[in-house]
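Protein sequences, first through last, are from chains H and W. With this note's numbering as the guide, the letters of the first sequence map in order to residues 1 to 326. With this note's numbering as the guide, the letters of the second sequence map in order to residues 1 to 786.
Just so you know, these hints were derived from the structure itself, not from any lab. All C-beta atoms in this analysis are idealised placements derived from N, C-alpha and C, irrespective of residue type, glycine included. Certain hints may be false.
[Unchecked claim] Among the chain W residues that face chain H by a calculated CB cut under 7 Å, a handful are:
no., residue
1, Gly53
2, Glu277
3, Leu638
4, Thr639
5, Asn691
6, Glu704
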Amino acid sequence: MPVMPDFELLRPDSAEAAVALHASRPASRYLAGGTDLLPNLRRGLADTATVIDLGGIAELAGIRVDADRVHIGAGTTLAALAAHPGIAAELPALAQAALAVAGPTHRESATLGGNLCLDTRCRYYNQSTPWREANHYCMKLEGDVCRVAPKSKRCYAAFSGDVAPALLALDAEVDIVGTNGRRTLALAEFYHDDGMRWLALDRGELLAAVRVPLAPGWSSGYEKLRIRGAIDFPLSGVAVALARDGERLAGLRIACTGVSSRPERIEGLDALVGQPLDDAALAQLEKLVLRGIQAMETTTASVPYRRKATPILARRLVTRLWTEAA
Amino acid sequence: MQETATASPTVKETLIGQRVRKPDAPDKATGKTRYINDMVLPQMLIGKVLFAGRPHARIVRIDTGAAQKLPGVHAVLTGKDVAELRFGFVRDNVALKDKVRCEHDEIAAVAAETEEIACRALELIEVEYEDLPGVFSPEAGAREDAPQIHDRFPGNKSLAFEFRHGDLAAAEAASELIVDNVFRPHHVTHCCMGTSCAIADFDHNGKLTIWTQTQYPYNYKMDLAPALGIHPGDIRVIQPPVGGAFGSKLDVYPYEPIAALLARKTGRPVKVMYSREEEFKASPTRQAAIIHMRTGCTRDGVLTFRTADVLLDNGAYTSWGPTIPVIMMRTTSGHYRVPVVDFKAQAIYTNNPYAGSFRGYGNVQTTWATAQQMDMLAEMVDIDPLEFHLKNAQRSGEVTPQRSFLRECALVECLETAATASDYSRKRKEYAALRDAPGRYKKGIGLASSIHNAGGAKIHKSDGIGTILKMDDYARVTVITGASEIGQGIDAVITLIVAEELGVPLEHVTLVNNDSDVAPWDVGVHASRTTFIAGNGTRRAARKAKAQILNAAAKMLEESPEDLDLRAGSVVRNTDGAALIKLERVLRQMHFQAEPELVMVTDYYEPKSEPEGAAHVSDHSAAYSHAVHIAEITVDTLTGEIKVDKVTVAQDVGRVINRMGLEGQIEGGLAIGLGYALSEDMRIENGMLKNACFRDYKLITAPEMPPLDLHFIESHCAEGPYGAKGISELPTIVIAPAIANALYNATGVRIFDPPMSPEKVARAIFERCAPAGSGAVEPRLAGTAA
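Could you put together the complete structure from these sequences and hints?
Structure follows, in structure tokens:
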């Protein structure tokens with residue numbers, strides 16, 4: 001790894017203080033678990049003079065299960081999330097997704113908020129400065145051209161967090177703190193389809209918590225395609241939440257990761273609701289998933305492979321949840 | 001060992017075959033070990049290297065003026081400082097280049113007070129390049145109009161090898177069945193956890209001390225000297241603990257002379273240590289090759305001939321990689337009873353990264369081909385592959401066409417043991433029958449074997465080892481040996497052997513094996529040789545010491561030395577095991593008497609093997625061994641994912657010495673082979689490595705490690721220490737084709753170019769199920785080509 005650049009390190013004790021510090025420093029970055037930010041700093045991917053450590057902020061910690069929803073502080077580690085019995089029982093997609101991130105040591109420090117805000121990734125971006133120089137840079141940093149789509153005006157770096165699709169399928173919302181106070185967004189509105197500006201956060205805004213509604217009668221799960229079983233970003237990840245009423249589908253939400261610049265909620269699935277989940281419905285589902293993703297040459301596996309594999313993952317998971325719900 | 005508790009004291013307990021922990025394990029597990037990467041010397045400067053970052057170019061101009069002037073910079077060197085200092089087998093390499101021949105060519109080097117300053121200085125060096133058309137495959141390099149990479153090697157031709165035996169035309173005519181395939185083993189790299197690192201320091205007499213990770217400290221001096229223009233005798237090599245080598249430290253690579261050149265220029269110690277990205281780019285690879293192999297047999301399943309026409313991607317310079325045909329031809333001619341052989345190999349210079357040696361050295365690539373063709377032929381003959389293998393397996397005493405003498409050959413026993421333990425024949429039939437049945441997940445089982453040298457390989461003038469053993473007044477033993485420890489566990493083996501012979505506790509044995517000015521010569525860690533060679537050397541030295549001690553004790557006790565033995569820290573009587581006198585007392589009495597005697601013995605052991613020779617017809621190793629792997633897998637036929645459910649291993653180990661070390665070597669070797677088979681792949685596009693990081697270079701992780709069922713076959717090698725053979729390379733060699741054969745059993749597809757990635761497997765399965773023009777309606781995984 002290249003040398004870590006110098007920066008000022010601050011450790012505020014409240015979300016408001018953190019936001020104020022961020023506003024007062026021009027090139028400042030929030031640090032939670034550091035598993036994404038620190039390698040990027042070493043690679044020279046972030047121009048950072050100040051790092052604001054969020055580890056001292058009490059309100060970012062903790063998981064609370066209420067009657068109708070679960071409240072999760074953004075500073076909750078992925079290990080804690082995966083190990084929480086209430087989440088494993090009520091929101092299996094979330095627990096499975098948290099457990100699918102990186103390896104055990106990463107999950108001990110990586111946080112929910114960090115995984116939701118994960119920088120978009122691309123084989124032309126997540127490289128050292130000498131590598132990027134030798135390979136002529138890219139639009140996301142120091143270059144003019146998106147190397148995976150040279151004719152486009154936007155960057156196609158892929159969002160690769162595992163947890164976001166699970167929370168999208170579970171219909172979560174997020175609490176945000178900014179200099180102008182607090183606001184709540186549906187998680188689906190938290191992301192833009194743009195590799196360079198993928199988060200709907202205003203400058204200095206901080207993700208504080210995630211709230212997930214409890215939906216009795218629904219089941220959920222997460223499936224991840226990767227080359228190896230640990231420390232591997234998804235070639236494609238699919239989360240499904242599904243409700244079954246006898247022989248009919250009572251509800252279905254699917255979200256994908258690794259195959260677009262944002263985690264994608266798949267549109268048009270309502271047409272399948274109220275119908276039996278037969279071969280025709282599954283074929284339709286595969287079509288909708290394929291239509292909803294935009295895999296690009298951002299990783300070492302090819303575009304056609306990831307485009308073909310994502311609907312297959314979705315179908316496999318939907319079929320499993322449907323069968324288990326019988 | 002249950003008997004020993006109740007046995008009479010006259011039956012000596014043996015340590016051979018016990019589980020003994022590596023002496024350095026506690027320090028390594030707790031983080032106390034000080035690797036070379038951790039070392040800091042007083043006054044030490046940090047060296048950094050400027051890499052070309054382009055595959056083929058003329059250097060028009062270099063301006064180092066600004067870098068030289070940066071405060072804290074002590075030296076800046078470029079190609080003009082080393083123009084005539086060529087090194088490497090064929091003297092085609094220099095530490096700093098005057099022309100760019102591959103992406104990681106070292107163009108300039110800086111020594112500075114800190115790494116930060118050195119990095120800034122690199123940014124200040126201005127280089128103007130004129131890019132040249134490149135050569136990115138051996139086929140392209142062999143073309144008549146190909147760009148020339150080295151003026152001295154016209155046609156881009158590097159090393160070439162040939163071996164012929166028997167009448168090929170007659171053998172072909174007698175062959176009722178022939179398989180003919182092209183295999184393309186790819187580039188992978190060692191991924192040592194400790195990145196490449198060297199610290200160099202010159203004294204004012206011109207003597208160089210170099211702290212480095214080398215695994216061959218003595219010949220290393222000979223190879224390093226020409227890169228510096230000094231005498232090999234003026235080099236002292238010190239080997240601090242190494243964070244992995246696996247063959248990658250069996251040659252001199254440019255960072256080492258660069259550290260030394262900077263040290264000479266500045267008069268201060270200089271450390272050069274690669275980052276992980278630099279390690280990926282600039283450390284050697286496994287040799288990539290294109291192997292055109294043909295194997296024939298009769299309708300009864302008797303092998304008739306095997307030919308291999310091999311084209312090697314030499315890369316930009318010549319290290320050990322292009323010499324692998326020496327082993328490739330042994331497998332081509334000796335993997336099963338092959339009466340007629342025709343082998344030829346040509347290495348072609350390209351602008352790709354260049355290969356060094358890597359655990360399995362050439363045999364990983366060859367067995368990938370031979371073991372798959374054995375499986376294909378068995379199917380064509382229409383017999384169980386196990387039966388086909390048994391029919392062609394050599395027995396003890398047979399000699400291969402290259403004169404490898406298989407004195408103790410346990411191939412049949414390995415095959416039968418592994419097949420029985422895994423229920424191979426029944427499962428293979430059952431899975432093959434289900435291949436085309438409906439269902440997404442398919443199970444498969446595959447058998448592969450190989451042969452490898454297991455007692456060194458005499459490719460140098462000597463394959464021997466020097467050992468010095470001394471004992472102090474407290475019966476503590478120091479073994480000063482040429483055997484390098486690079487993680488393979490020779491420290492535990494030597495300790496165990498000394499304890500076995502001299503009856504001292506394991507923890508009373510100290511090893512000194514890391515300083516070329518202290519320890520005697522050894523050829524280095526390679527060719528699965530260290531336990532065999534150093535084990536013999538240690539045993540011989542220990543037995544000399546024992547004879548000296550027992551003679552002295554016999555005089556003191558007025559007994560005959562033949563009636564005495566050393567056990568549990570005492571001299572004992574053989575007949576009843578009674579302890580007669582403490583060993584340390586004997587040693588003190590020997591030492592402090594009128595005619596003092598100190599126990600310090602020397603030994604040089606040379607194995608009974610023949611030099612390789614230019615004709616390659618020689619019994620070049622003191623032993624040969626076989627291993628059989630049977631892999632059981634589950635394939636997701638839609639995504640192409642392969643899950644390895646279980647691997648059964650039966651390996652001829654000669655005799656188990658340290659059971660724990662043996663298990664660890666087989667598990668670790670298999671992990672390297674699994675990565676090779678399934679996921680590891682250097683993505684080199686037009687000479688540029690695109691995945692120089694662990695994120696995109698898919699080294700396997702713990703979840704991919706399958707349960708292993710290990711069976712050690714003890715063939716009792718007459719020449720090996722206690723009957724042991726070398727064991728460490730076969731586990732890496734055999735696993736990939738075992739999985740390939742299992743994939744065929746499960747799905748009917750074969751992959752010829754590893755790794756068997758999900759993408760390739762999915763594409764192959766789709767193409768098998770829906771051949772072009774078949775009108776298949778569901779092109780689910782069509783067109784997954786990269």
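*Holds or violated: is the Cβ of Asn691(W) closer than 7 Å to a Cβ in chain H?*
holds, 6 Å
*Go through the hint on Leu638(W) and say holds or violated, using the shortest Cβ distance to chain H against 7 Å.*
holds, 5 Å
*Is the interface hint for Glu277(W) satisfied, with its Cβ closer than 7 Å to some Cβ of chain H?*
Holds, about 5 Å.
*Once the shortest beta carbon distance from Gly53(W) to chain H is found, is it less than 7 Å?*
holds, 3 Å
_Does Glu704(W) hold up as a contact with chain H if the rule is Cβ-Cβ below 7 Å?_
Glu704(W) check passes; min Cβ-Cβ to chain H is 6 Å, inside 7 Å.
*Holds or violated: is the Cβ of Thr639(W) closer than 7 Å to a Cβ in chain H?*
holds, 5 Å
Going through the hint list in order, the structure satisfies each hint without exception.
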